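S.K.: Produce the complete structure using the sequences and hints provided.
So you can see what is in the structure, the chains are spelled out below.
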Amino acid sequence: DAMVIQNPRYQVTQFGKPVTLSCSQTLNHNVMYWYQQKSSQAPKLLFHYYDKDFNNEADTPDNFQSRRPNTSFCFLDIRSPGLGDAAMYLCATSFLGLAGSEQYFGPGTRLTVT
Amino acid sequence: AQSVTQLDSHVSVSEGTPVLLRCNYSSSYSPSLFWYVQHPNKGLQLLLKYTSAATLVKGINGFEAEFKKSETSFHLTKPSAHMSDAAEYFCVVSQTGGGADGLTFGKGTHLIIQP
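So the sequence lines, in the order shown, correspond to chains D and E. This note's numbering applies: residue 1019 is where the first sequence begins, and numbers increase by one. This note's numbering applies: residue 38 is where the second sequence begins, and numbers increase by one.
None of these hints come from the bench; they were simulated from the model. Keep in mind that the hints are not guaranteed to be accurate.
Here are some chain E residues the structure puts well away from chain D; computed CB gaps all over 10 Å [to be verified]:
1) 50
2) 65
3) 140
With a cut-off of at most 25 Å between alpha-carbon atoms, the simulated DSS-like pairs for lysine-lysine come out as follows [claimed, not checked]:
4) 106(E) with 86(E)
5) 86(E) with 144(E)
6) 1056(D) with 1035(D)
7) 1062(D) with 86(E)
8) 79(E) with 1062(D)
9) 144(E) with 95(E)
10) 105(E) with 79(E)
11) 1056(D) with 95(E)
12) 1035(D) with 1062(D)
13) 105(E) with 1056(D)
14) 105(E) with 144(E)
15) 79(E) with 144(E)
16) 106(E) with 144(E)
17) 1056(D) with 106(E)
18) 95(E) with 106(E)
What follows is a list of derived Cβ distance ranges for each label pair [to be verified]:
19) 1070(D) with 52(E): 45 to 55 Å
20) 53(E) with 1033(D): 28 to 38 Å
21) 1072(D) with 151(E): 38 to 48 Å
22) 1090(D) with 82(E): 17 to 27 Å
23) 40(E) with 1069(D): 39 to 49 Å
24) 77(E) with 1095(D): 38 to 48 Å
Please read these numbers as outputs of a predicted model, since none were measured by experiment. Think of the CB as a built atom: it goes at the ideal place given N, C-alpha and C, for glycine as much as any other residue.
M.R.: Structure (structure tokens):
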């Protein structure tokens, strides 16, 4: 089945130690998103790629970076994780151009910072 | 500008009774509206979407929602709750056509199902 895959599902990192979260998709969608979701809150968009064009949200900290080497893969890099970065990180995709195109979400990666 | 208000942070119903989760929106454009469900430690799953076709939208797992432009509402309903419906529900609004960055999430409603 076509889907959005996130690895790992659970990630533990140390304060200040760089960490990379991975997302892949088999939907061939042109847009990929990264969201941060803290406990009991709605997902918060960090940035998205429209094809190769990177779009950063204005309030996304510089500590968060992203790479999209090809259509299928997108990575979230946290350069120096702080305790406040502990959250669920959700990857999503959509196909821009379809009316009312919804986003398809992966299962998420729960990040713990020790 | 667009916004979403989910009127209840928590809703508790008994199994087998109807479910109503309320959502009001505001949008400068003809909106697309979505309901997503999130079970604990899982990603978001699309329940249903409205994209300017029929105002009564049927989704998965027996859920449906009615788009009421005059009331700027998009409430989610289900005739009979099941224990597996216990989850967090998000109402989401988008500009027409989806838009790569046009999604606005409500704060979520936590649905509790009492046995």
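S.K.: Report the numbers of all earlier hints that the structure fails to satisfy, in ascending order.
M.R.: 3, 10, 11, 13, 17, 20, 23, 24
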